[in-house]
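A.B. asks: Residue strings, one per chain:
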Amino acid sequence: MITAVRKPMEEIIACVEPYDRILLVGCNECVSVCSAGGRKEVALLASALHMHFMKQGKTMDIREITLERQCDPEYVEELVTSVDGSDAILSMACGCGVQTIAARYREKPVFPAVNTTFMGASERQGVWSERCQGCGDCVLGITGGICPIARCSKRLMNGPCGGSTKGKCEIDANVDCAWQLIWDRLKALGLERRIEDIMEAKDWRTSRDGGPRKIIREDLAS
Amino acid sequence: MNTRETDKQSVLVIGGGVGGIRAALDLAESRRDVVLIDKSYSIGGLMTRLDRTFPTNNCDLCTISPHLSESGRQLRLDLKPMTVVEQVEGQAGDFRVTIRTLPRYIDVEKCTACGECAEKFPDWIRFTPGLDPRAPTCMRYPQATPYAFSVDADKVTDFDALQKACKVGAIITDDKEKTETLSVASIILSTGAELFDPAVLDNFGGGQFPNVVTGLEYERLMSASGPTLGQLARPSDNKRPARVAWIQCVGSRGINRQDVPYCSSVCCMYALKEAIVTKERFAEDIEASIFYMDMRTCGKDYELYLNRAVNEYGVNLVRSRPHSVVEDPETGNLVITYATDDDERHKTEVFDMVVLSTGFRIPASTRELAGRLGIDLNEHGYAQTSGFSPVATSRPGIYVCGVSESPKDIPETMIQASAAAAMAGTQLHLEQDTGAEEEDFPPEIDVSGQDPRVGVFVCDCGPNIGDVITVSALVEEVRSFPGVAYAEAVGYGCSKESMDKMESLIREHGLNRVVIGGCSPRTHETKFQDMMRCCGLNKYLVEIVNIRDQDTWVHTDRPADATRKAVKMLEMGVHAVARAHPLMEHSLPMNQNVLVVGGGVTGMNAALILSDQGFRVYLVEREARLGGIARNIRATLEGDDVGRYITELAEKVTADQRIQVLTQSIIVDHKGMPGRFTTGIQTGPRMHYMQIEHGVSILATGALANRPGQYLLGEDDRVMTQLDMDAKIADDPESVRSMEQAVMIQCVGSREPGNPNCSRICCQSAIKNALRMKNLNPDMQIYVLYRDMRTYGFQEDYYREARKQGVKFIRYEPERRPEVRADKDDLAVCVYDEVLGRSLEISADALVLSTGLIADDETTEDLSVMFHLPRSDDGYFLEDHVKLRPTDMSVRGFFVAGTAHAPKSIRESITQAQAAAGRAQTLLAKQWINLGASVAKVEGDKCAACLICVRVCPYNVPYINAEGYSEIDPARCHGCGTCVADCPARAIQLMQYEDDQILAKLDGLFERMN
Amino acid sequence: MTDSFEPEIVAFCCHYCAYTAADMAGSKRISYPPNVKIIRVPCTGKVDAIHIMKALEKGADGVYVAGCLEGDCHFKTGNIRAAHRVRRVQALLEEIGVEPERVEMITMSAGMGERFAKTARDFTEKIRQLGPSPVKTAARDFRRRAVS
Amino acid sequence: MKTESRLEKVLASGALAVTSECGPPRGAVPEKVKEKAELLRGSVDVINVTDNQTAMVRMSSWAAGILIRQLGLDPVLQMVTRDRNRLAMQADIIGAYSHGINTMLCLSGDHPHFGDHPMASNVYDLDSVQLIQAVVKMRDEGKFQGGKDIDHPPKMFVGAAANPFADPFELRVMRLAKKVKAGVDFIQTQCIYNLDKFETWMKGVCDRGLHEQVYILAGITPMKTAGMARYMKNRVPGMDVPDEVVKRMESVPKEQQPEEGIKIAVETIQRLKEVKGVAGFHIMAIEWEEKVPEIVEKAGLLPRPEV
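These protein sequence lines are chains G, A, R and D, in that order. Start counting the first sequence at 1; every next residue gets the next number (this note's numbering). Start counting the second sequence at 1; every next residue gets the next number (this note's numbering). Start counting the third sequence at 1; every next residue gets the next number (this note's numbering). Start counting the fourth sequence at 1; every next residue gets the next number (this note's numbering).
Worth double-checking, as some hints may not be accurate.
Below are the DMTMM-like pairs computed for lysine to aspartate or glutamate, each with C-alpha atoms no more than 20 angstroms apart in a straight line [stated by the list, open to error]:
hint, chain 1, residue 1, chain 2, residue 2
1, D, Lys178, G, Glu200
2, A, Lys942, G, Glu68
3, G, Lys55, R, Glu94
4, D, Lys137, G, Asp197
5, G, Lys166, D, Glu170
6, G, Lys187, D, Glu170
7, D, Lys178, G, Glu196
8, D, Lys181, G, Glu77
9, D, Lys178, G, Asp197
10, R, Lys28, A, Asp123
11, A, Lys942, G, Glu200
12, G, Lys168, D, Asp149
13, A, Lys942, G, Glu77
14, A, Lys568, A, Glu585
Derived by calculation from the structure, the hints in this document are not laboratory data.
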C-alpha cells in the first residue's frame, strides 16, 4: 500500500486561498486504508477549510467527492461535471492520483493535500512501516523475506553494519535492524550459511536510477 | 417430562436484591410468569449501595442499571414492592401463597417520579429506603425501580394537601393493605442477609467512635452518590484520612458471644477493594493497612487482585487479630492495639480511620419467613440444602439463592440465582413461543416515499415542565418548524388518557414521525415506542426530547432561558426524526438443540435439566466414559458419597432419550451464529466425523488435577496428592490407619509464579482428608503446612473441628518453603514455624500435597480458537462479565460452567451447571431471537476493506467477506458505533444513530441561530 | 458585546454514563447553564471527529464529549477511542487557528449528577472566557458588512 | 607482494604493524594535516585518513592523503560508500593511486543522521563488502565495475573494518569471513575495551583459519576522561565498554584520568600481543594524536621496522 499523511493546513490553505470554489477529491484506495485521504479525511479537511475561510470572512465553496481510485483515468473521468464548477482541484490521493487528475483536467490547477510517503505495510491499527522501495529487482527470496533496501537505514546488501545494537538500528532505537531480522529469519529457516553469500553490487537500472519506469503488458495493452 | 397443570402458574421470588432480580429476569426471559416481591419500596438490595465492585473496580450503577430497568419492563414480571409472604400451602408444582402488600399511598402506574410531593412535604415521602443518612427524598440511585415514590403514612399529617400537591392524581389517600393469594409452582428465597452491626462489640469502637465505620459505610463515604458526594472524608471532622486501617473478621470466625463461627467469604476482597480504590481514586499516599487472620482471596483471579493490592498499590497487610481500638478524644484518631505471630508483645499503631469488615448475619425476619415457608435452616440460620442439590431447600419446590443460602459474593450470587431460576422453572411447564406477544400491534404502515409529517407532543408533566415554561407558547413556536404537521400540548404525556389522545391524533392527522417533549428516553422511550406500534408506525420513528430532566428541572429559576432551550431541543428532535427511517429489528429462528461440551458432573447436570425441559442435548465427552475428574473423588467435605452420585448421574444421562452421549469425541470445527450453530465432531474410536446443529452451547470441559514435580511427588511412594489420599482412605483404609504421623503441604503448584491463582478447593480437601484420617486413627499426628487457610463460608466449621481434634496447622511463608528429605526408611519434612520462630523437622508416613487444579490449557485453547471465545491468562474460559454475567460468555449463546470457568468444588460446579442450563433457556425459550435494530451496517461499495473496523471493534464482529468488503453480523453487533466513527471511508452507519440524524440535530440547533 | 456573550455548547453524551448523569442532575435539581445542549449517543466511541468539526462549523462555540470513566465504558473502550479523536480534532483546530480548548473530552459515571452539572458550568465558563468562536464572529461580521 | 604498500610489507615481514589515524580539518588548512601527520612520524607504519568521519564534512580523504604523502609518510585512504556512487569512488581511487596512495580502507560510513548534514542524500550505491570487491577487481582483474579494462590499474592494499562487539555477536565472525571472501587484505577493528569478548571473537576467527587469510589489527583508543568512557559505553552504537573500565577511569582523580587512559591502552596492547591472530595495532587517538608515540613506546612497539 502507498502511505501518505496530510500536509500542514497552512500549506494547503496557501494553495487554495486565491480561489472561491474548490473541488476536494479523495481516493478510496491506499489513502483511505491509511486514513489519509478517504471520505472521512475529505470531510474533515473540508470542514477545517470552511472554518478557516469563515474566519477570514470568506465563504469557500467546497465540493467533496471521493473516487474509487484516483490513479485510473476512467474513475477520474467521473469528475468531469464537478470540475466545471470549480476554480481549483485539491486532491487527497497519492502523487499518482494527483498527476492523473492534472493530466486529465489541464485547465484547472491541481494541488496535493497530502504528502505521499512510502510503500508500506500496516503493523497494527494506526501504525504503518516502510517495506518496499520498488527497486525493480526483488531480493526478498534470499534475505529471508526482509528487504534490506527498504529496511536497512544504509540499505546495506551485506549487513549488518557495526552499529546494530540489541536488534535495533544505530539511527533510532525504535527502528529494527533489518539485518538482525534477516539473520533471525535465516536461522529460523536453517539457512545460516546464506549470510556469508556475498550479494553482488546491485544493478540499480531497474530502480528509479534507470529513469522513470513503465510497464507495458503487450497482451493487455494492445 | 412431567405434565403439569398449567393454570397460569408463576414462580414467586422473595427478595429483590441482585440475586432475586437475576432469578426473576431469567425466569421471565425463559417465558415463565414470575412475581418478584420485596418488603422494601424499591428493589436493588445491597449491591446498589456499594461504591465500586472488585475485581474490576467498576462503578456499579453503570453495570447494574440495565438489570434494574430491564426488570421494570419485563412483561412476565410482576413486581410487588412493600410486599411480604403470609402463608404457604400446597406442594411443589401447586403452592398457594398468600402475600400481603402494604399501602404505598401512591399509584405506581400514575406516579411520574416528578418529585413534586417530596419537594413540598419532604418528611412524608420516601423515594428510596436504606441506610443513606441524607434526606429521605434523595435518590439513592437514578435507576430506582419502580420509578416512583412512596408515602410514609405515619408521618403524613394532611393527606389532602399531599393529594393536591400531586398533579397526576397518583396519591391514593385511602390506600389499604392488600392481601392476595397466588397460584405458584415454585418459590425462590433470596432475601439475602444483613451486615453485622459492630456496635454490640465493646472492643472496636463501632457505633461509638465517629471515625470507626463499617465496610459498607466506608463504601458510602467513597461513593459519588454517597453523603459526601465522592469526597472521602472522615466523619469526625470531614478531613481526608491519611491512614486507614481495616480490621477483618469483625463478628465472624469467632467464639465470643456476639460472634458467628462461620466465615463471611466476601470481606477479604471488599477490604482489599476499598483499600485499592482509596489509593487509586483519592490519594496514592493514603496509608492503607489490613489486619487479617487468613487472606481468603480464593475466587477467580482474586489472588491476582491481592498481589496487585500489595505490589502495585502498596496496601499493607498485617497478619493479626487486633485486640482493641481506642479513640484519642483530642484528635479523633484511633489507636489499634495488636500482636503478631512473630512478636507476641502488644504493639500500638495510630490511624485516622478504622474500617470494620463486618460479615453477613441472617436477620430474625428470615427465620420467621423460613417458618412460614416450612423450610429448614442450618445451625447458622441459613437455608439448609444438600450437597448435590445446592439450591434446593428441605421443602420440595422451594429454592434458595444468594446469601440466604450461605455467605457469598456477587458473581456467586448471580450463578446461584440463575441456578435457582432453572430449578424453579422445572416445576413449571415451559410455554411455547407463539409470537403472540408480538401480534398485539397492527401491521406497520409503509412510510417510505412519504414526506415527513412530524407530530410534536409536549408534556407539561404537571408543574415539572408546565411551571417553568409555557407549554402552549412553546407548542405555538414548534408549529412553525419545517416538517411539523401537527403540534399539541398533552398534559401528562405518559398517562393513559394522553397516550390514547396522541394515538388518535397521529391517525387523524396522518402523522408519520413523532417527537415527544417530555422526560428521559432512558425511562420512557419503550412506552412511546409501543404507542407508535399501536398506530401502525415503526417504533424507530419517534424521538424523545428530554425537556424535563435536562431543561426545566435544571433551569427552574431561569424560565426564559429554559424556554429558549426547550425550543432548540425540540427543533433538534424534529430535524432528527425527519431523517429517521423505519428500522427492522433483526431476529433469527432459534435452533432448539443444545451442545454440552464435557461429560463431567457439570456437563451431565446441565444436560439433564435441559433434557427435562424438552430440549435435545448433545453431550460430547473426550474420554471413553462419563464422569470427568470427579471420578477420582470419593467423598466431599460434608461427607457425601461422590462415587455413587456420579454413577447414578451417568446412568440417568445414558438412559435419557433426549440426550445423545458422544464419548471419545472431540470438536473439530464450528460455524454459524447465536441460535444457529453448526459444530463438527469426530467421534468414537474410528474418529467418525459428524455435524450437529444447535442453538446454544455449554462449555463444561473441566480442569486438570495438578501434579507438579515438587516435594518428590512421583518419585517417592509416600508422597501423594490429596486426590490420591482421598482414594487411599476409601480403598485401603488399613494402610491409612497404620500411619502414625502425616504431613500435608498446601498451595503446592498454586499461588506461585506460573500458576499465580489460588486453586480454591485444596484447603477444604485437606481438612476433609485430615478429618477422615483422624476418624480412622484418632492417634495419628497430622500437620498441615499452610499459607492461608481458606475455608470460606461454613467450611470454617470443619476447620475448627479439625483443630479441635488436634490437627496441627503450621504456617509457612513462600520465601521459606518446607523442605522434604527422604531415604528408604524415613521421610521427613522440614518447616520453619513462623509462630515458634524456629525450624521443625517432622517425620511422616505420608506426605500429602494439596496440588489443586490447573486449567486444561490445551482444550480451552483449541475451543477458544474454534468458538472465538476469550480465556483468562491462566487458561480458564473468561466469562462475559466477571461480576454480573459469570456464566454467559462474550459470544451470545455460549455459556460456561464448572471448573472450565475456575477452580471450584463439586457443589459449586453443580450450581453453575444449573445456572448455565437456566441461562440457556432464556434463549431457547424463544423461537426467534430479537437482536434489536441499533446495529452497524456497512455500505459495501464504499468500503475500502481497510480492516480498521475489524481492529477497533471491541467484540471482534466485523470481518472482510468473500466479496472483499467488511461485513457486520447484526446478530453479534453490540451497537456501540466505534467502527462507524473510525471508518476512513465513511462506509458504516449505526442504525438509529446515523450520521445524517446527528448532523440534522446540529442543523436543528444552529440553523435559525446564524 | 462580549459582556452579554452566551456561548452555544454541544455535549455529546453517552447513553450509559454521561446522559444518565445529566438525568441525575435533573432529578437532584442541580442547576447548570442552559447553554449546553445534549446529543445522546450510545457510546462516545460513536462520536466522529466530523461531528465535532461540524458542530463548530455550524456555529457551536464549544463542544465536549462526555463518556464513562476510564475502564467503565459499557462497550469496553469506546471512551478511550473518543478521547483520541478529541485530541486529533484539537490538533486540527490549532492548525487553523481555532482555540483547541473549545473541544474537550470529559468522563463521569452515571451517578455523578453533581459532576455533570459542574462540568457544564466549568466548560461554559471557559468558553465564555474564550469569547465567541472566531469562525462564527468573522462570518457574522462579514455578513454585516455585506448588508451595509 | 600484491602491492607497493608499506603496510603490506611490514605485515609480510612478520612484525606487529602499527597504524594510526588522522582526521582531516574542517577547512582549507593543509598545515593542520601536516602537523598531525608529523606527530606520528617514526611511531607508526601508516596513517589512516578518515573520510567525512561521523558524517561531518571535512577535507576529502584523498586530498589530505596526498598532503601526507608529500611529507614522505604513508597514508591509508579511508573511503565510505555513503557519499559517492561507484563512478565517483572508482575515479577517486585512480586519482589517489596516481598520487602514490596505495593502501585503502573500505567502509560503509556512519549514517548522515549522526552528522551535521542529516538532510543529505544517503547514497550507498555499494556497501563496504561490495567496495572491497570493486577495489580488488580493479587491482587484480584490471576492470571497472562496468566491465571495461582499466589503463594502468591501481594496485591498492585493501583493508576493511570489523566490529567484534556489535550485535548479533554470533554473526561477527561470519561477517569477517564474508569480507575475506570479498578479498580484503587487512582488517582494523573497532576499539577494544572488552578484552574477553575480543578474545572470544578472535578464537572464532582462528578456528575458521581466517587469521591466515587476513591481517587483523586490533583497534586501540586511549580514553581521556571517565566522562568519555561513560559516553562511549552509553552513547556510541556498537561500542562495548565494560563497567570495570568505566569504574577504573572514575577511580582516579580527574587530572590523572588521561594518564590512566593511556595506561589502559598500553596494558591492552600488551595483552593482545599474545593473542593468536593479532597482526598489529590500530591506534585511534581522536584529537589526541600527540599521545600516540608515547603509547607505542610504552607498549614496546618501537622501533618501527624499516621495510
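A.B. asks: Each hint: holds or not?
C.D. replies: Hint-by-hint comparison with the structure:
Under the criterion of a C-alpha separation no larger than 20 angstroms, the hint pairing Lys178 (chain D) with Glu200 (chain G) is consistent with the structure, at around 12 angstroms. For a cut-off of 20 angstroms, the pair hint linking Lys942 (chain A) to Glu68 (chain G) stands: about 8 angstroms separates their Cα positions. A threshold of 20 angstroms between alpha carbons decides the hint, and for Lys55 (chain G) with Glu94 (chain R) the separation of about 13 angstroms falls inside it, so the pair holds. Our distance criterion of 20 angstroms between C-alpha atoms is met by Lys137 (chain D) and Asp197 (chain G), whose separation comes to about 18 angstroms.
Between Lys166 (chain G) and Glu170 (chain D) the alpha-carbon distance is near 12 angstroms, which keeps this suggested pair within the 20 angstroms criterion. For the given pair, Lys187 (chain G) sits about 11 angstroms from Glu170 (chain D) by alpha-carbon distance, which is consistent with the 20 angstroms threshold. Proposed proximity of Lys178 (chain D) and Glu196 (chain G) is supported: the alpha carbons are some 5 angstroms apart, at most 20 angstroms. Distance restraint check for Lys181 (chain D) and Glu77 (chain G): the Cα-Cα separation of roughly 57 angstroms exceeds the 20 angstroms cut-off, and the hinted pair is therefore not satisfied.
Between Lys178 (chain D) and Asp197 (chain G), the direct Cα distance comes to roughly 7 angstroms. Compliance with the 20 angstroms bound is thereby established for this hinted pair. As the CA atoms of Lys28 (chain R) and Asp123 (chain A) are separated by approximately 17 angstroms, the hinted pair is consistent with the 20 angstroms bound. The hinted pair formed by Lys942 (chain A) and Glu200 (chain G) fails the criterion: a straight-line CA distance of about 47 angstroms is larger than 20 angstroms. As the CA atoms of Lys168 (chain G) and Asp149 (chain D) are separated by approximately 42 angstroms, the hinted pair breaks the 20 angstroms bound.
In summary, the hint linking Lys942 (chain A) to Glu77 (chain G) is supported, as the alpha carbons are separated by about 18 angstroms, within the 20 angstroms threshold. A C-alpha spacing of about 30 angstroms is found between Lys568 (chain A) and Glu585 (chain A), which places the hinted pair above 20 angstroms, so the restraint is violated.
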